[in-house]
Structure formats: structure tokens, C-alpha cells
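Asker: Residues per chain, in single letters:
Number of protein chains: 4
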Amino acid sequence: MSTFGTLFRVTTYGESHCASVGAIIDGCPPGLPLQPQDVQVQLSRRRPGQSNLTTPRDEKDLVQLQSGIEHGITLGTPIGLLVKNEDQRPRDYSETDLYPRPSHADWTYLEKYGIKASSGGGRSSARETIGRVAAGAIAEKYLKLVYGVEIVAFVSSVGKIKLPSYVSPPSQVEADDDEVVEDALSPEFVNLLKTITREQVDAHPTRCPHPETAERMTKRIIRAKESLDSIGGTVTCVIRGVPSGLGEPVFDKLEAKLAHAMLSIPATKAFEVGSGFRGTEVPGSKHNDAFGGISNGEDIYFRIGFKSPATISQAQETAQYDGTAGTLAARGRHDPCVVPRAVPIVEAMASLVIMDHVLIQNARKTAASHLPPITTLPPTMVKPTASA
Amino acid sequence: MSTFGTLFRVTTYGESHCASVGAIIDGCPPGLPLQPQDVQVQLSRRRPGQSNLTTPRDEKDLVQLQSGIEHGITLGTPIGLLVKNEDQRPRDYSETDLYPRPSHADWTYLEKYGIKASSGGGRSSARETIGRVAAGAIAEKYLKLVYGVEIVAFVSSVGKIKLPSYVSPPSQVEADDDEVVEDALSPEFVNLLKTITREQVDAHPTRCPHPETAERMTKRIIRAKESLDSIGGTVTCVIRGVPSGLGEPVFDKLEAKLAHAMLSIPATKAFEVGSGFRGTEVPGSKHNDAFGGISNGEDIYFRIGFKSPATISQAQETAQYDGTAGTLAARGRHDPCVVPRAVPIVEAMASLVIMDHVLIQNARKTAASHLPPITTLPPTMVKPTASA
Amino acid sequence: MSTFGTLFRVTTYGESHCASVGAIIDGCPPGLPLQPQDVQVQLSRRRPGQSNLTTPRDEKDLVQLQSGIEHGITLGTPIGLLVKNEDQRPRDYSETDLYPRPSHADWTYLEKYGIKASSGGGRSSARETIGRVAAGAIAEKYLKLVYGVEIVAFVSSVGKIKLPSYVSPPSQVEADDDEVVEDALSPEFVNLLKTITREQVDAHPTRCPHPETAERMTKRIIRAKESLDSIGGTVTCVIRGVPSGLGEPVFDKLEAKLAHAMLSIPATKAFEVGSGFRGTEVPGSKHNDAFGGISNGEDIYFRIGFKSPATISQAQETAQYDGTAGTLAARGRHDPCVVPRAVPIVEAMASLVIMDHVLIQNARKTAASHLPPITTLPPTMVKPTASA
Amino acid sequence: MSTFGTLFRVTTYGESHCASVGAIIDGCPPGLPLQPQDVQVQLSRRRPGQSNLTTPRDEKDLVQLQSGIEHGITLGTPIGLLVKNEDQRPRDYSETDLYPRPSHADWTYLEKYGIKASSGGGRSSARETIGRVAAGAIAEKYLKLVYGVEIVAFVSSVGKIKLPSYVSPPSQVEADDDEVVEDALSPEFVNLLKTITREQVDAHPTRCPHPETAERMTKRIIRAKESLDSIGGTVTCVIRGVPSGLGEPVFDKLEAKLAHAMLSIPATKAFEVGSGFRGTEVPGSKHNDAFGGISNGEDIYFRIGFKSPATISQAQETAQYDGTAGTLAARGRHDPCVVPRAVPIVEAMASLVIMDHVLIQNARKTAASHLPPITTLPPTMVKPTASA
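If you're matching them up, the sequences are chains A, F, G and B in order.
Its first residue numbered -17, the first sequence is counted upward by one per residue in our numbering.
Its first residue numbered -17, the second sequence is counted upward by one per residue in our numbering.
Its first residue numbered -17, the third sequence is counted upward by one per residue in our numbering.
Its first residue numbered -17, the fourth sequence is counted upward by one per residue in our numbering.
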């Protein structure tokens, strides 16, 4: 459905071309200083039209906070917010509407609902993410203020152009030779994860913080654009300062919720946390990944794969809804590459997951803290107190 | 928490060495023929001690159905079930309990709860998955009977030993050359996804359906075992026959729920659906991945990465809970490689996700079917009827 | 929290004097004809200022549908809606804000959140119910169109003035004499439950469909108003045409969800279904109440008690938040009696409960209908088919 | 479904005559001392066969804790528990199974599921409440230890025999005379609510703490029993020591959750909190009921109405499932009056509601406590600090 979270809960509404898109954020702690600008800054980072790498639509995306805040302080009650859909150009699409767009939700929406919005992507539209980004910005404000949590996402690949992260490239052979030196994160990449800031990310339109790679990505995106084609990529995100103890065994492990959150972003197809797929190749003796479903205070980083956008500007052979074959003409205004704009969406979803788990863990930890000290258990079963 | 699903809902309990592990499955449709054997077969596939590749514990894992079934037919009421913990050998662990095991949940459980089970992995133990496998077997019984759904998982890599799946190996260079021929799934692998059966998977102890690769995997696992080490791997799963229309925009897309489900399995670190990370490198013009959050009737396949098991039999330098440095001696009986046993767990979690979405879509589709036909909308907004 | 329902789910936001109040309705079946007027009619019935029996605020309460609907047909996606807060007069309250209003949420909101809205009742304000009424109107549209469900609430008492419903008045003595003839619903009241319409209810400003009693209620309310006092009352609601099989054992029985829904309406203190408290006095031999948690196709009726509004216009002795004693001066514009305006709110909450249960039962029933017929069970265990 | 609660969550399974009934309690704070006896004491109070007022079945109902506890301390992981169904006598019922029992769930279960358990009441059986009582006992252990919460329920009426609670009996006339002195709780009843203990309640088999009334109730129940009939009644429950701030606006007000919880108990038909229906008759000037959805630290009391048990020992005219008319012979062993045994069930459900709200409020309050002090708001918006 359209609700995410247990105690910090966001519910979104809105299609591409309806009156507005918006969200209700329920469960925000009372007493949090919050200005529209806190939300707007991330909405603006999400906004298209910021460079020649993205779609030229210039949406203003100004957030209107409706409730839950007075004098710049949250009340603890639901925060309603909305962004008007100013750029409503359904006609862009209507001429070729007889053909479901390949890889778009058109056909599956009809299968699911028996009806679909007249134009645009309905709920699969990228505009739906506005509500998430707004909600995430509120969660993040709290996490930063209270725990100093820092969440920074950046573009780590566009097509085959990759930010260098490992000492050696992926080994070329299907080696079963134990003597092969295992790959390891390069010191430069480890340092980048520890220090990267949003300012550094935004310094280049690609949102790749490695200037040389960013330039190559730019060329790749421009080539896709010029050839009326599109290209995918990956976003890497690091969360620093996460309090330990977050994540709920067994179904709501922290990675599981992050994976859920990230794969709910349009066009995502892959997720890995820490060393991910590459880590499956390393023996246990050389690789003790400490993260096991519950945060341990260390930085968390993960990577998300975005496929190349499906709506492209080339003509494509396809079939009408009723099966008649034909050619889907080029149309629409679409990003040749979505990953730069996906950066704030990834950050938002990460914020929502962490915030929800903070509240859930608060509930337990506070309840446990009121109980008398445990004195009857073997020492290995009980957390040593600070004085021990 | 320990509950998964909205309408088909499983709740599990149990640690490694308590009286029993079990589950309550709520929301099973009434009228489903169900015998203990339907559940037992998957529990037995999950059971350790099946070959010399896995831990020698010989647990019987006999399921005891408690409720919700009479005369071999489900009543629609909750199905309680449990498996006794027969092999309770906490002493195996106790001697070195002063040292949290690297990469185990010991330390984080103490951070989270302030207390942990005296031995074994608590809820992070692999025994917790018994409840899931049982629940998944029930879901799968329904899906197979009604829709002919087939869910088959298999081992696709162990360490660097990989089942060949692509025509060309991953391209070795960080190429930004558009002329490079894109990788594609090999016809053999496509055929395997379409036809693979559990019998074929179980034909080899590694559960890799490619005999030559399976042999290499076996050697790799034995080497890990002999060197008192461990190794990770990947499991690939295909779901055939999924009805179209499953998956809930926007937060509960089918991939998002699958990712959530898979990353909740112990030791998982990565998930990708379809072409996954590799698909991010392919231009949109060559790659229209049709799957977009809602099932479209085509096969769904995905891959999960499992890290190498953390508890190994080598001595390791570590620190006690109170910070005292020391050496963690070798101990315990553990799999050198978990992926062969993970196969039925992956299948179970996939079944749970599909079943839950079937019920949710039933609710909507049935409700919509009772409404009068829509005659006032543009034809592109409405699903053509069968006769059209 | 601020979300109600499992599959048909409403989430509301808004305080008395913020920018707007609104709701997101998620899970509405696609293909339902829906016009703003369908929602507006119930909002207008909820609106104050409709007679001299209620507060003179003349709010327009015009609903603005934001999403989920095109060309007057629902898309199956979330329906966002809002009503602007036009009458924002926070100053009315501010002068005496040092005193928490007796029986208002002021004090408890401070206890709960540590902060409260500057004026009005925050989320405990009656304006919060606008979102519910709108959502209920949408649910009701579906229920009426598909099942012919009719939901009609009316005022059954104001203070001690009661609509006559039983043949004999409540027996005056604490009789333990079996020979006492038991009370029974009067034929007139039974007939009223079977036939009452909203038009008949709205024929009198009190919304009591018994003219003589309505007149006495009017006098009672006017007396309360003139004496700057307030008075409570009860609302009775009948739901006709409910499909059988609704209600989820064991925690979400239909009565339990109705009770939850009704007691979530501001100022409610009591709920009874069918013969309710009175039915506890009748022996089983004379009283086989057929309704047991699951609907059986018969009409469902229940009664809700509303206490007298707490904010009155008389001066009252109270204490400031910091404990300083003092006198709370008369202030504000408030209904002397809320029950006439509560009628559409009760109807809305009833609609939400029934609609959610319809969808949940759809999910199960459709799933069961796809299974092969059960032939191996004793005949008493299986529902006879239509032909039997 | 069969799960209740958000953070303290109980899921139950089990029919009358299956292998066992049980529950999983998820979300119990870690570190709570818990012995089987803590649970058993309430299960035994729920058990039938305790006096000649109840059914003679002598079930042992010994609880078996399965998980979540070591050395008598909770681990914070799910607590699995079960009670074997020792007294399985399905034959008692089978002879007349062609007739659905009036007012029993037989018919509606068939409508809902298309299938029902071969005998007994399925999930509508009173045995299902075992899981709730066990869960409630665990919640209560925590609440008592940490907050000194005391939850005591007692029988307040059987048929028309009522515990005297008001100064004057319910006024006999449908008076609209303002001069009539309003009813008020008697000082004796107020004192009883403040001091009543479970020991006092259990001193008499009826569980009515007023000896004279208890004797009259006994006679009433015996008369029902001797005439092969049944009789209903009410249970009143008081919760003392509830921390302030519990209850979630707007849908999960504390009364709303209590109403939901109580109406989910089999045979309940009515709920009122505080002065309830009677309070609707009292003007606002004389009645400022302080409780408004959120606890304020004062005692909470409420009353639940239980209808007379439907399965009686008299022959009754009815129809077979297929419509054939006939006479349902007397049969079975059933309580002539369920309210004495309902007492611990009411206490359990009250415990579950309070405990869940404690955890939810913990989450918020702890989150808010970490924020910097609010200095920019008008003083009336912010809770005065302790030093103020």
C-alpha cells in the first residue's frame, strides 16, 4: 500500500498530473524545530531541470506544510504536506496512448486495477517520490539533531563507468584458487565513505564525487541523450552515526528494511549492503562482516542498482493494448539517466528506515531500563555495565 | 518484529536451544488439503546433516501441527506448529562464552536487549528459519494447487565458483565504449530458469544444477572445511506461473517485498532481481525490463548473496565483552558453507511474499469486479475486455 | 496513530486552526464512480451552524479532491483530499490559555507530547473528524452500489429524553424474579430500524426521527444553551444489507472493530451492539442473539453514548498548568449538545469498518473459491452448496 | 486476524479440540523476571470446574513456556507458549451436528470459511482465550513491577442482580426536569474501585465482591442451571496506577483500544468507560469527566456486558444447515453463566492494551526527551518543567 513505517510512518498520495502530490507523516517526535526550508532543500535536490543532464521540466515543487507544526516546532501530531502539480501537460502523452510504453507500468496497472491514469505513470511516476523525500527530510532533521546521524548518497556508476572503490578490479577468472589475493576496499574509498558530504556530492551535476569519473559519466549521459537512448547506474549511500541496537529480529532486520525501502524506489533492481555480492567470494577467515541485522555503531553503506529508464525517445516496435502490432513513436520528456536525481530519494528512504527503528528501539530500551538490574544470570548473558 | 505478511501472516518463535521452535500461520485459505508431509519435505531439505558438506548435527526436525487443520483440510483458522529442539548441547559453546563471536549477533544482541541467550545465536540462529520454511510450504501448496506456481531455488555460486549464466563473462574493462557488445543471459541459463526442478537441484549435495560447476563447488567447500574456514555464495530463485497484477504501489512493490523477505534470512547481504546490477550497464534501447513492481505473468528470478559464515573453527584474536583482549579458540559445529541449506529458506520466503500478494490482490480485484462496467472513460484508460 | 483500517485505510491530519485538515484514503477499489458531491453531502451534514441548536460557526468545509480519481472514476490509487480551515480564530481562546479547560485534552496533550497546539483542541478537535467523514462517504458509496448497504444513524437520546424503543421501561426493581416479563424492543422501534432513512433523520434539527421526542430534545438543548451549560446523548445506528461472513476471529470481530471505531469519536464513552447491556439480563432461553462476531446477513444496530461537551460557557474553578488556583472564565463557541452533528461521523466510522471487512473477506473467499471442492469431510463441517 | 497489539503483540492459535492452544507474545521487554507460575495463576482462574457454578470439565490448563525466557528472565525475544487440549470429547457434540446451535458461531463460520471445525466452537471457543490470558499475565507482570499498575475485574451484575454502585437507582422517569438530582457513584463503590483486590474478588465463587449481592447472584445462576437455562451479566474492571500520557490520537484512543479489546472477548455485547451511558444524561456543568482518550494518571474503570450463553441444555426448535426444520436436543456441558470465568480474561485484555500503549508512548517520549528544550513557544503551549 502507500504507507511505510511502524511508528514513524509516511503515507503518500498523488499521480503525475492530478491536483497535487503529498504525504502525511505520522509519529514525528514533538518538539522538533522544523521549517519549510528543511524539507524544501531536499525537494529541490530531487527536482528535475537542474542541469542539462536531466529532463528540462522546471517544476517548482514548493512544499506547503498543512499541520502538525506551530511556530516552527513540531507538535507530535501528523504533518500534512503537499506540492501542487503545476506542470500538467497530459497532452504530451495522449497521442500515442494506444500503445503501452515498454517497461512502463501502463500494462501492469491495467492488469492490476483494470483502469489507469489517463497519462503519465500514475503512482509509478517519479513525482510520487516527492512525499517520501519530504518525509525523509523531517526524519533526517531529527536524526542529525539528536544523534548526529549523517546520510549521504552519491552516484557510484553510470553504465559501465564506475567510481573506483576496490584495490583490484573484480577478478577476471572464475578462480577457485585460494591463493588469489582477495579484493579489498581501497583506502581512498574507505576515506570517502567516512568523510563525504552533500556539498561535495552536489559539486558536480552527476553527483559523483570523483571528478575524473564524473566527467566520464557526463559524457556517457550526454551520449545517451544525443542518441535518444538512456542508461542506468548505481547509487551508493553511507549512514554515519547510527546508534547501535537498531533493527528488529527476525523479519525486520535493518538490512531487510533498507532493502525494502530501496527496492520501493522506481527503477531499482538491486541492493547490496557492505561488501554485498563481492563479499560472498571471501572466506570467513578474511572477512568478518560485523553487521548482522542490528546496527553496531559502525557506518552502514549500501549500493542500489537503477535500470536505464524505460521511456525513451526512440521509436520502438510494440503492440497496442488490444494486441494490434505497431510502432510506438518517440515522445515525452524524460531523463536519459535517473541516478543523479535518485540521490536525495535514497537518502530519504534511508532516513525513514533509521528513524522508525530508533523509535521502536526507544520503546524497548526505555521499558527495559525501568526494570530492576539482573543479578541472577551468568555474566556472559548480560551486557556489562559501564563501570565494569 | 517476528511477524511477516499482511493477510497471509507468519509469526515465529524460538531460539537455538529452548524447548521448541515454531510458528503461527494466520490467513491460510480454508479448504486447502494439507498433510504434515507437505511441510516436512521442505523442513527436511533445510535440515543439516544431509551430506559431508554440512554440519554433522542430525536433527530430526519433525513438525507437529497443532491447530487449523482437520481431516487433512485447512479450516481457515491459524495453523500452530512446532518442532522440538532435540539436540540441545549448550555446553559446546559455554566454555568460550566470554568472547563474543566475531560477526555473530552476540555483541549486537547485548547492545539491543541488554541480555542474550546463554548459548547459540538466539533468534539469529538458523533454527529460527524452521518456522518460515514450514509457513512457506503451506503457502506454496496453495499457490501450486491453484495457479500452478513453481518456485525453485538453487546454488548459483560458491566463493568465486559460478554457474555460467551469461554469454560473455562480465566485461573486464571499465568501458565507456558504446560499441562493446552487451552481455546477455546464455540460452542455456534461460532454459534452466524455465525448466529447473527441485529434483534436479537436489541431485547434487551442493544444490547446484550444473554438474561440472557443482563438482568445483564441492572441492571449494571441502577446502574451506579442511582449512577450518568458511565460504559464502549466492542462491538464485525462479518463480514461474505468478499471476499478473501482484505487487502494491508504492512501498510494497513485489521486488521490494522480495528484497525485504530475502534480506531477512540470516547471512544475506545482497539481492538483485532480473538483470540486477548488471542491468544498470545496459542502455534502455537494448533492455526493456518489463518487470516494474507489479507482476506481469512472466517468470520472476532473483539472486541473493550470502556471506561466508562467521563462526569458524579457527582460533581468532578478539576481545571479551568487557574489553579484555584474548584469543577465541576454535569451537562449535558449523557449516563451512550455508548456501546449499539456504535453498529451501529462499523458496519459503518467496512463497510467503507471493501468497500474501495474491490475497491482497484478491481483495481489490473481487471488489472491483462487482462494480458496473466503466463506459465513460477514454479507451486507453480501461483494460480491454476479453472480447475486444 | 492516525491511520484506521487494514485494506481500506484512512489516514488523517489536521488541527483546529492549521492550514487545512485532510485525509488519504488508500485501498479504494478502482472503477468506482465518485464525485466531490458524494463526499460533500456528508461533510455538510457534519458541519456546524446548521441550526440554532449548534455552534454558530459557519464553516464552508468544501472538500478538494487531490488524487486517485479521473473523469469521476476512482483509479484504485490513494485518494488525497483536504478541507481548508477558513475560520481560524485562535484569539478566541488565547486570553484564558493559562488554564487547561476541564475535561479537554489540553492537560493530557501536554502530558503526552510535552507541547500542544496554541489554541483549539489540537487533534482532539471535532474538525479532525472531517477526514473520517470524507473517507466514510467513499466507502459508503461502494457499499451501497455493490451490496445495497444502508447505514443510517439517528439521535436516540438527549440527556434523559429518550426515543421510546422498548415495550416496557427498564424494570425499576433489582428483580431476581424469573417470572418478570422481559423487556423487548417495541414493534415500532423494530420497524424504525428496518425503514429509517437519512431524509427522515434530517427532517428535524435534533436528528431524532420521533417528532414528539425530538421536540422535547430541542427544549432540553435550548435549556442547556440558555443556562450556558451542555448535555450529552446517544446515537443509534443501523446497518442494513451487510453481507454475511464479515468479521475476523478472534481479535477483529465485527463488534470489536465497530466498538473501536465508535470509541475513537471524540466525547464517546459507551458502546453497545444489539440488546447490549439490557441483553445481559435476559435468559438464554428467551434470547438467542444471532450476532457473534461475524455478520450473518441480518441488520446490525448499535448505540453510542456521548458525554456532555466539556467546554462550557460558564465560569469554572480550576487551576493553571503550574498549579495556581483560579477561575476559568466563560469563553468560546461550542455546541451545547454534540449528538446531532455526531450522526454523520458515526455513519462514516461504520462505513469504514464494514468496507475494510468486505475487502478482507474478499481476499479469503476468493482464495477459497479457487480450491477444488472438499469431498472428504463430514457433511456437518462443510457449507451445503446451493443445490443441496 | 489473530494478532493484537502494535509493539506488545500477541498472536493466538487453537480450537476447542485440536492438539493444543497457544500464543506467541512478541515485544516483551528483556530483563523481566518471569516464572511459569506468573502465567499459571491467571490461567487457573480462567479454568472451568472451579465451583458448582461453572461447567464441570476439569481441564488442567498447564502452560508450557517454549522460548524467550532463560533462568527465569525474559530475553526480549518472542515467548512461545502452549496448553495441551487434554479434554478432547468431540463426540459430545457430534450426534446433533446437523443442527447449527442457535447463537453459536456454527452458521456464521460456514458462511465465512465454507468449512468449520468438526465440533466445539472452533476459534469462537472459550479455549481460545487461554493464549490471551497467558499474554496478559506477562504484560501485567511488567506493569506491576515497573509502575505498580493494578488491574482488578469483578462481577458487577448477573441478570438483573446488580452490585449497588449509585446513590440512587436509575431514575424511573424519562425526566427532562433539570431540577432532578443527578445520580452519583456511591462512596462505597468509589472506595471499592480504589481498594478492591483479586483476593477479595475470588473470595466468592461468583467473583462479586459484595457478599449479599454475591449470594443473590449465586441463587440466580443455580436457578438458571436447574432450569437448563443460562443468564448473562456484567464485569467491571478498574485499572489503578496507569501512567499518564497513554493513548494515541485519533483512532487509537485508550478507550477505543479498550473497547476493541473487550468486545473481542466471546459473548460480549457492550462496553462503557467511566460513567458511560449514564454520563450522557448529566449536564456538563455537573460532570467534567477528565478522561479523554489519553490517560491522565487517574484510575480507569469500565464495564463490559456479556450476553447469556447461547448453547443451553434445553431442546430448541431450529433448522438443519440445509433448511430442514427440526428440534435441537439438549446437549453438552456449558456454563449457565460465564461472567465469573470472564474476570481474568477481562484483566488480561486490559493488560495487553495498557502494555502496548506504554511501549508506544515510551518510543515518543524518549525521542522527545533527547531534543533541546523548547524556548521559543508561548508558555501555554509547553508543559511546565518540574521546577516551574
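Hint data in this document are derived by calculation from the structure and do not stem from the laboratory.
Incorrect hints may appear among the rest.
No distinction is drawn between identical chains; accordingly, a pair holds when it is met within one copy or between any pair of copies.
Claimed, not checked - Within a straight-line C-alpha distance of at most 27 Å, the following computed DSS-like cross-link-like pairs (lysine-lysine) qualify:
no.: 1; residue 1: K365; residue 2: K66
no.: 2; residue 1: K268; residue 2: K201
no.: 3; residue 1: K66; residue 2: K42
no.: 4; residue 1: K207; residue 2: K123
no.: 5; residue 1: K365; residue 2: K123
no.: 6; residue 1: K126; residue 2: K176
no.: 7; residue 1: K268; residue 2: K123
no.: 8; residue 1: K207; residue 2: K268
The structure displayed is predicted, hence computed values, not measured ones.
Asker: For this structure, which hints from the list above don't hold up?
Answerer: Checked against the structure, the hints that fail are numbers 1, 4, 7, while the rest are satisfied.
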